[in-house]
Amino acid sequence: MLFHKNINALRALAVVSVVLYHFKIPGFSAGFLGVDVFFVISGYLMTRIIVSGLHKQQFSLIGFYAARARRIIPALLGLCIALAVFGYFFLATDDYRELLRTSKQSLLFTSNHYFARDGSYFDAPLQENWLLHTWSLSVEWQFYLIYPVIMMGLHKVFALPTFKRLVLALGVGSLVFSALYTPGHPVASFFLLPTRAWEMLAGGLVFLYPLALSPRAAALCEGLGLALIAGALALLPHDATWPGYLALVPVIGTVLVIHANANSLFARNRALAFLGKTSYSIYLWHWPLVVLLYTCGLLHDWRAVTCAVLLSVALGAASYGLIESRTRALKRPVLGLVRYAGMGLVWVATAGAVASAIKHNPQLRWTQDDGKPEYESKLYAQHCDTNAYGASQCVLGTGDISALLLGDSHAQSTAAALMLENRGAAMGWARAGCPTLIDFEMGDKDVEQHCKAFNADKFAKLATDYPGVPLFLFSRAALYTDQRRHSGYSVYFNGDKHQSGPAFERQFIQTYTQTVCMLARNRPLYIVKPVPEMPFSVYKGLTLQHRLLGMNSDIVTPVSEYQARNRLALEAIETAAERCHAGIVDPVPYLCPDGRCMGSKDGRPLYFDDNHLIDAGNEQLKGLFKQALHSNTGSTAVR
Numbered sequence: 001m002l003f004h005k006n007i008n009a010l011r012a013l014a015v016v017s018v019v020l021y022h023f024k025i026p027g028f029s030a031g032f033l034g035v036d037v038f039f040v041i042s043g044y045l046m047t048r049i050i051v052s053g054l055h056k057q058q059f060s061l062i063g064f065y066a067a068r069a070r071r072i073i074p075a076l077l078g079l080c081i082a083l084a085v086f087g088y089f090f091l092a093t094d095d096y097r098e099l100l101r102t103s104k105q106s107l108l109f110t111s112n113h114y115f116a117r118d119g120s121y122f123d124a125p126l127q128e129n130w131l132l133h134t135w136s137l138s139v140e141w142q143f144y145l146i147y148p149v150i151m152m153g154l155h156k157v158f159a160l161p162t163f164k165r166l167v168l169a170l171g172v173g174s175l176v177f178s179a180l181y182t183p184g185h186p187v188a189s190f191f192l193l194p195t196r197a198w199e200m201l202a203g204g205l206v207f208l209y210p211l212a213l214s215p216r217a218a219a220l221c222e223g224l225g226l227a228l229i230a231g232a233l234a235l236l237p238h239d240a241t242w243p244g245y246l247a248l249v250p251v252i253g254t255v256l257v258i259h260a261n262a263n264s265l266f267a268r269n270r271a272l273a274f275l276g277k278t279s280y281s282i283y284l285w286h287w288p289l290v291v292l293l294y295t296c297g298l299l300h301d302w303r304a305v306t307c308a309v310l311l312s313v314a315l316g317a318a319s320y321g322l323i324e325s326r327t328r329a330l331k332r333p334v335l336g337l338v339r340y341a342g343m344g345l346v347w348v349a350t351a352g353a354v355a356s357a358i359k360h361n362p363q364l365r366w367t368q369d370d371g372k373p374e375y376e377s378k379l380y381a382q383h384c385d386t387n388a389y390g391a392s393q394c395v396l397g398t399g400d401i402s403a404l405l406l407g408d409s410h411a412q413s414t415a416a417a418l419m420l421e422n423r424g425a426a427m428g429w430a431r432a433g434c435p436t437l438i439d440f441e442m443g444d445k446d447v448e449q450h451c452k453a454f455n456a457d458k459f460a461k462l463a464t465d466y467p468g469v470p471l472f473l474f475s476r477a478a479l480y481t482d483q484r485r486h487s488g489y490s491v492y493f494n495g496d497k498h499q500s501g502p503a504f505e506r507q508f509i510q511t512y513t514q515t516v517c518m519l520a521r522n523r524p525l526y527i528v529k530p531v532p533e534m535p536f537s538v539y540k541g542l543t544l545q546h547r548l549l550g551m552n553s554d555i556v557t558p559v560s561e562y563q564a565r566n567r568l569a570l571e572a573i574e575t576a577a578e579r580c581h582a583g584i585v586d587p588v589p590y591l592c593p594d595g596r597c598m599g600s601k602d603g604r605p606l607y608f609d610d611n612h613l614i615d616a617g618n619e620q621l622k623g624l625f626k627q628a629l630h631s632n633t634g635s636t637a638v639r
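The working numbering applies: residue 1 is where the sequence shown begins, and numbers increase by one.
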């Protein structure tokens with residue numbers, strides 16, 4: 001069976017796109033589509049193996065699984081072991097245990113489901129996970145488990161023409177489902193097999209429906225395919241939901257290149273052949289280097305990025321030479337399957353045992369630490385109830401209710417600063433990831449449903465309960481307004497998901513102002529400006545920078561970055577405060593002295609992650625709420 005030379009060239013194009021995208025190289029803002037190219041290639045190769053074997057009556061399901069295990073597991077296991085050794089010496093205890101948990105999920109090929117529960121691929125905290133990239137391996141492995149069984153069943157029952165049409169129908173069905181499901185469920189769609197299967201089936205259809213092309217036609221076909229892939233890399237909108245119908249562009253481009261099988265400069269290029277041959281190992285090793293730079297605050301340092309890109313290729317080549325090329329011989333399929341699957345399962349058991357041992361015996365670590373900062377405040381007593389849609393209602397402190405807090409998770413994490421000044425108790429209403437707006441839509445429809453239920457319930461309570469008690473609004477507003485992020489939390493209005501620019505900004509300010517005026521009708525109301533966000537998890541960054549780089553400097557970010565990220569939110573707050581006679585509480589002067597916002601102070605983290613304050617951070621805000629809590633009107637801004 002002849003191997004298409006352009007397959008390795010396509011693999012090279014895919015891995016270069018992904019690597020440069022992750023290292024934030026300009027011009028590759030859509031480089032994540034390299035994974036889609038990999039999926040098409042995989043579907044083509046798997047279909048060729050399965051159908052050719054079935055046609056010759058030589059296909060072995062055990063042999064197929066063994067070959068896939070040999071291809072994927074050894075190099076992945078090598079990476080997991082290397083990261084475990086690295087983490088033992090350099091990671092904080094809680095982060096090390098999370099690394100071990102993730103490595104278990106990766107080698108069980110369930111990491112895509114694990115990450116789908118944690119949020120968007122494009123946002124922290126997933127961006128700090130050392131094995132985030134293994135989600136795509138899990139998708140492929142799940143496809144490998146199911147696909148040959150389906151193909152064997154179809155081949156046994158149907159003649160070849162019907163067989164091919166049914167495979168086509170499966171692909172079209174998955175594509176339609178992806179296009180319909182992705183807009184409302186972007187996180188699940190990105191990570192899970194049902195919305196990705198059509199990409200692999202598209203590759204399979206290349207084998208089932210081959211084209212006989214002249215050399216000239218093949219060259220044109222290849223050129224058009226490469227143009228589609230390049231065009232997608234350059235022109236796809238930054239806020240595209242993925243994979244939806246837009247993923248057709250790189251998928252069709254890849255299909256055309258494979259169909260062409262042209263003897264071109266692209267296919268014969270030695271550099272591309274090398275990168276393609278080592279692409280799997282390069283893919284495995286590049287992401288931990290991205291996380292390392294990200295956590296150390298070096299992802300925008302061109303020298304560090306250049307070294308990391310080159311090191312990705314070097315480590316990939318080493319992994320290929322030392323692991324991949326040495327595990328290619330597979331003479332006894334059953335023994336091979338037992339061997340490679342067993343290797344993975346042994347590591348799963350080992351990682352689980354080590355994680356458990358460290359949890360109960362932290363002294364086993366090479367270096368010890370005080371553990372991850374406590375998210376729940378120790379500065380006051382609280383009693384919380386959680387309802388069916390994931391929102392919390394907390395009574396903070398003791399005595400009569402003298403303040404109300406409403407918002408997202410920042411209402412929880414910043415409550416301690418208010419309680420430092422409050423003379424009575426406070427009622428806190430919070431639902432993580434929910435904008436305080438009377439009307440909105442969100443990219444993730446599941447989140448939208450819960451948020452609207454939460455808001456409706458609390459708005460109704462505020463209309464009748466606790467009259468005259470001051471209300472404080474908290475929000476990580478940029479999470480909802482920053483349309484540069486690929487996030488299901490971004491809001492939009494009037495069904496126009498792609499609304500942007502001045503039209504979106506006017507609508508957001510108008511809706512926010514209407515919300516504030518409604519809530520301020522029967523009580524003093526104060527809007528708390530957003531807390532500054534750090535570029536990465538403060539606790540993780542401090543630990544890694546100190547242990548690996550010997551750095552002891554505090555983590556800071558310019559106040560100008562805070563102002564840029566929150567520009568729209570700050571304008572909306574000022575407008576609403578003026579029109580609704582609300583007060584403004586501004587934490588920036590307390591957290592950003594000398595034009596720099598503090599993530600840590602004297603080596604002590606002020607944040608739980610990159611945006612939630614802990615007690616040490618809230619203590620920096622002492623005095624912030626004093627005037628608001630002890631004044632009789634909400635009409636005077638507190639700044």
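Read the hints as simulated data drawn from the structure, not as lab findings. A hint or two may mislead.
[Stated by the list, open to error] Label-pair restraints from in silico Cβ distances:
#1 168 - 564: 46 to 56 Å
#2 564 - 594: 43 to 53 Å
#3 227 - 168: 21 to 31 Å
#4 176 - 594: 29 to 39 Å
#5 89 - 168: 17 to 27 Å
[What the hints assert, rightly or not] With a Cα cut of at most 20 Å, we get these calculated SDA-like pairs of lysine to any residue:
#6 445 - 177
#7 277 - 78
#8 5 - 246
#9 622 - 438
#10 56 - 70
#11 497 - 219
#12 164 - 108
#13 529 - 445
#14 156 - 208
#15 452 - 402
#16 529 - 578
#17 445 - 185
Remember, predicted model here, so these are calculated numbers, not experimental data. Beta carbons are placed, not taken as given, at the ideal position from N, Cα and C, and that holds for glycine.
| message | 29 to 39 Å was suggested as the range; check whether the CB atoms of residue 176 and residue 594 agree with it. | response | violated, 56 Å
| message | residue 5 and residue 246 were given as a pair; does the straight-line alpha-carbon distance stay at or below 20 Å? | response | violated, 27 Å
| query | Does residue 529 pair with residue 578 here, judged by a C-alpha cut-off of 20 Å? | reply | holds, 14 Å
| Restraint check for residue 164 with residue 108, where alpha carbons must lie at most 20 Å apart | Violated: residue 164 and residue 108 sit about 32 Å apart, past 20 Å.
| residue 277 paired with residue 78 [C-alpha distance capped at 20 Å] | OK: residue 277 and residue 78 at ~18 Å, within 20 Å.
| Pair hint outcome, residue 445 versus residue 177 [Cα-Cα no greater than 20 Å] | At roughly 16 Å apart (the allowed maximum being 20 Å), residue 177 and residue 445 satisfy the hint.
| query | So the hint says 17 to 27 Å: do the beta-carbon atoms of residue 89 and residue 168 match that? | reply | With a Cβ separation near 52 Å, residue 89 and residue 168 fall outside 17 to 27 Å, so the hint is violated.
| field | Pair hint outcome, residue 452 versus residue 402 [Cα-Cα no greater than 20 Å] | value | violated, 26 Å
| query | Straight-line Cα separation of residue 622 and residue 438 no greater than 20 Å? | reply | violated, 31 Å
| Within 20 Å, alpha carbon to alpha carbon, are residue 156 and residue 208? | holds, 16 Å
| Would the pair residue 529 and residue 445 pass a check requiring their Cα atoms to be no farther apart than 20 Å? | Roughly 27 Å between the alpha carbons, so the hint for residue 529 and residue 445 is violated.
| Do residue 227 and residue 168 keep their Cβ atoms within the hinted range of 21 to 31 Å? | holds, 25 Å
Going down the numbered hints, you'll see the structure goes against 2, 4, 5, 8, 9, 10, 11, 12, 13 and 15, while the others check out.
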